[in-house]
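Chain A is fixed; fit chain B onto it per the hints.
Listed here are the chains, written in short residue letters.
2 protein chains.
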Amino acid sequence: MKLASLKGGRDGQLVVVDRALTRCVPVPQIAPTMQSALDRWSVTEPLLRHVAGVLESGDHSEARAFDARECAAPLPRAYHWADGSAYVNHIELVRKARGAEMPASFWSDPLIYQGGSDDLLGACDDACFVSEEDGIDLEAEVGVITDDVPMGISPEEVAPHIVLLVLINDWTLRNLVPGELAKGFGFYQSKPATGFSPVAITPDELGGAWRDGKVHLPLASFINDRPLGRPNAGVDMTFDFHRIVAHATRTRRLGAGTIVGSGTVSNVDRSAGSACLAERRTLEVIEYGTQRTPFLSFGDRVRIEMRDAAGTSLFGEINQQVVSFHSHPLPAQDSHG
Amino acid sequence: MKLASLKGGRDGQLVVVDRALTRCVPVPQIAPTMQSALDRWSVTEPLLRHVAGVLESGDHSEARAFDARECAAPLPRAYHWADGSAYVNHIELVRKARGAEMPASFWSDPLIYQGGSDDLLGACDDACFVSEEDGIDLEAEVGVITDDVPMGISPEEVAPHIVLLVLINDWTLRNLVPGELAKGFGFYQSKPATGFSPVAITPDELGGAWRDGKVHLPLASFINDRPLGRPNAGVDMTFDFHRIVAHATRTRRLGAGTIVGSGTVSNVDRSAGSACLAERRTLEVIEYGTQRTPFLSFGDRVRIEMRDAAGTSLFGEINQQVVSFHSHPLPAQDSHG
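The listed protein sequences correspond, in order, to chains A and B.
When the letters of the first sequence are read in order and numbered with my numbering, they come out as residues 1 to 337.
When the letters of the second sequence are read in order and numbered with my numbering, they come out as residues 338 to 674.
Bound-form chain A, shown alone:
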């Protein structure tokens, strides 16, 4: 089953989307918003799946064309957005570029930071930044959305709590990272509003590509239509989603609609390319002795997509343009939509 939130109001309008991402149908009689569906998931899931079945058969009388440009983030605002850093290879490389040591414990103890969740961006929303001097970078990731998760569960107990998956562009202001890391309080100014794929999908949509708490498919990123990389999200994932979510519950419950990210996907095999510019620049330093690729500029466009073995887009495409805050003042959030 595939779900999306069309723009409109602070929380969007929940729609069921067909597998081909061409048609959709609002379901206000089941749940007006994604959050309200997740709040009562055991009740709403079978009802939504029924609608999805009718839509897929081509028989739904209220179906309309689906357009990713009309999508808000699946959860336009969420109560919890925690990003892991599961591809330890990525951290080791990026730290190396900064001349910073990586503690050995990073290979055994999952890293996680809490992201801003009150302002999540739709797949085609402009990504608005104050200054190019901050070092604007993408981070292509996979994420899961949970139902209510109890405190203190083990990795083996996590699977049934993962109810949806999404793609994420965890926009990062690279030049603000070292200062915030040094303070130790986590990323705040360096992690502005995050972008999301048009649709969220249930794990069964991935078939055999969803196993062991990992998505075993390449995640493709493009800058101005030039490929940046297509590392496989199932390869070199040191901590699978079961371990990251269990880590998150060590001292707390997780509320329905919690989004947990994988961190930047990164493969040891360099031929896969990268999912962020920081890693690419690091590899350039290792190979050429100097960084060749700049961070992003206003006007650049970033696309992120995941296709199945048959070439079908699973989540739709994140397709965001980098714009200047000064020429594109952001509207207040209550005018969303």
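What the hints contain is simulated information worked out from the structure, not anything from laboratory work.
Don't take each hint at face value.
For the chain B half of the interface with chain A, some residues (derived, Cβ under 10 Å), not all of them [unchecked claim]:
{"no.": "1", "residue": "414"}
{"no.": "2", "residue": "415"}
{"no.": "3", "residue": "416"}
{"no.": "4", "residue": "455"}
{"no.": "5", "residue": "466"}
{"no.": "6", "residue": "516"}
{"no.": "7", "residue": "518"}
{"no.": "8", "residue": "528"}
{"no.": "9", "residue": "662"}
Quick caveat, the model's predicted, so the values are computed rather than measured.
Cβ atoms here follow ideal geometry from the backbone N, Cα and C, with glycine treated the same way.
Relative to the frame of chain A, chain B by itself:
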């Protein structure tokens, strides 16, 4: 005006509370929940103030007794909870106890971390922890709740965006802090669910005690009814709320209902006592060469309160018992209330 959320459902039921904290009235015709009131604050505030006026006059026909034990957190779940660390004196002391250096920039560049906001505790809710070995500690703080705040505003522009104030107990697992600080990704496991005062109040309720973005009143904490301290929240606050909120908007908008905390209140004058045990233990090391006060144990009770010059409780009292997760298993969040 004073507002609270009675337990019931995931988001509680909004009520207007009288100044004496003895009576309240639900206002579903204005807004069913605190979040929905904040989402349309320019519309709902005058309507809520009208109800508050009628309630205060004693004439409201639907008024009922107010009981803080029936309160959820003012926002039982929020989209954004960012905690500053405005009393730099506190950080310097606590770091000293760990033998860690504090960078000089901490006096000029605000610290802020993003807290878990999907599970906020009511004033009299049990505070449930896995293990006493984690070093259970309170942190008594003042917090503000904002409406929609634009990106990139200056401290001078913040005041009208602060619409409510609350008291906060930012529960901290002290023995998990050093490991998380070393990772640099911020506090996650070391900052479990946070407790809140029964009521949130508009700034005008503080009269002249709310000025310069600070609350100029003592914040009293008690452990098992023994005073821990009553430092003045308006004294030694290196970064006032205007500066903390402006810092938070450097690269992002803040959504309506964003909670921004002051960090543990701390005065240089030692006779005021402390607002957390970590600081008290640090002072004991300085004075006696050894820590004398243990962290909290299961069964301990923590109270936090702020009274005005006339001795009237402004926010009601945070009054939480520390309990063991193993003997008090937490219910799923969808059974809230």
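Checked hints:
1. 414: Residue 414(B) check passes; min Cβ-Cβ to chain A is 5 Å, inside 10 Å.
2. 415: 7 Å, holds
3. 416: This interface hint holds because 4 Å falls under the 10 Å limit.
4. 455: 3 Å, holds
5. 466: 7 Å, holds
6. 516: Check passed: Cβ of residue 516(B) comes within 8 Å of chain A, closer than 10 Å.
7. 518: 4 Å, holds
8. 528: Nearest chain A Cβ about 8 Å off; hint holds.
9. 662: OK, holds: residue 662(B) within 10 Å of chain A, min 6 Å.
When held up to the earlier numbered hints, the structure conflicts with none and fits them all.
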